[in-house]
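Take these sequences, add in the hints, and give me the full structure.
With this note's numbering as the guide, the letters of the sequence shown map in order to residues 57 to 244.
Please keep in mind that the hints were generated in silico from the structure rather than gathered at the bench. Ideal placement from N, C-alpha and C gives every residue a C-beta, glycine not left out. Check the hints yourself; a few may be wrong.
[Stated by the list, open to error] Taking CB as the label site, the calculated pair distances span:
hint : residue 1 : residue 2 : range
1    : Glu157    : Ala114    : 27 to 33 Å
2    : Ala114    : Asp198    : 28 to 34 Å
3    : Ala116    : Asn166    : 22 to 28 Å
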Amino acid sequence: NLRRGLMLMALVMSVSLFTVTPNQAQGSYTVLATTTIVADVAANISGGLLTINSLVPAGADTHAYEPSVDDAARVAEANLLLVVGMDYEHFLGGLLETVGEDVLQVTISNGIQILPYGDHAHEDEAADHDHTHIEPIGVLGDDLTCEEAHEAEAGEHDHGVCDQHVWMNPLNVAVWASNIAQEFAALD
Numbered sequence: 057n058l059r060r061g062l063m064l065m066a067l068v069m070s071v072s073l074f075t076v077t078p079n080q081a082q083g084s085y086t087v088l089a090t091t092t093i094v095a096d097v098a099a100n101i102s103g104g105l106l107t108i109n110s111l112v113p114a115g116a117d118t119h120a121y122e123p124s125v126d127d128a129a130r131v132a133e134a135n136l137l138l139v140v141g142m143d144y145e146h147f148l149g150g151l152l153e154t155v156g157e158d159v160l161q162v163t164i165s166n167g168i169q170i171l172p173y174g175d176h177a178h179e180d181e182a183a184d185h186d187h188t189h190i191e192p193i194g195v196l197g198d199d200l201t202c203e204e205a206h207e208a209e210a211g212e213h214d215h216g217v218c219d220q221h222v223w224m225n226p227l228n229v230a231v232w233a234s235n236i237a238q239e240f241a242a243l244d
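Listed below in structure tokens is the structure:
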């Protein structure tokens, strides 16, 4: 739809206001993204002026990921850690307490309207109702934290009440880009 296209274009143009300049990125910053998707967005925003690495390798399941000793060293050396948030990177908990206390952690999904996960969206709706619109449960960072997770059944990974997979909507990735660009601009 035209309105969404114009909103996306305006957001992308606003991101250009926060792009990193050569004076800001003198190679002295180590940026670590939790996933390859986040690393790819960050690398595109940095325009090659920063080195961006992914903590979780391509193809690995973030929900089942167990950090290695090498990962702990990479976190300890990072100046900036980019995370999706909403406890998506549950594996980071102990790692950050152990080696990442001095690392600036940025939740790039702040400002995104979060949808409920799974059946939470349809509990009060009739079975034959058309489910083309799901109401957000809040805006991450404003009135929603999404850190409380429910117990997962055997063989499942734990999502909690929030749908953590926000990158499935390109407009949310544009919010990521804006948040990342603002953080990179602040690296001065």
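Do the hints match the structure? See the list:
The beta-carbon spacing between Glu157 and Ala114, approximately 28 Å, falls within the hinted interval of 27 to 33 Å. Distance hint check for Ala114 and Asp198: the Cβ-Cβ separation is about 32 Å, which falls inside the suggested range of 28 to 34 Å. Under the hint 22 to 28 Å, the C-beta atoms of Ala116 and Asn166, about 25 Å apart, fit the expected range.
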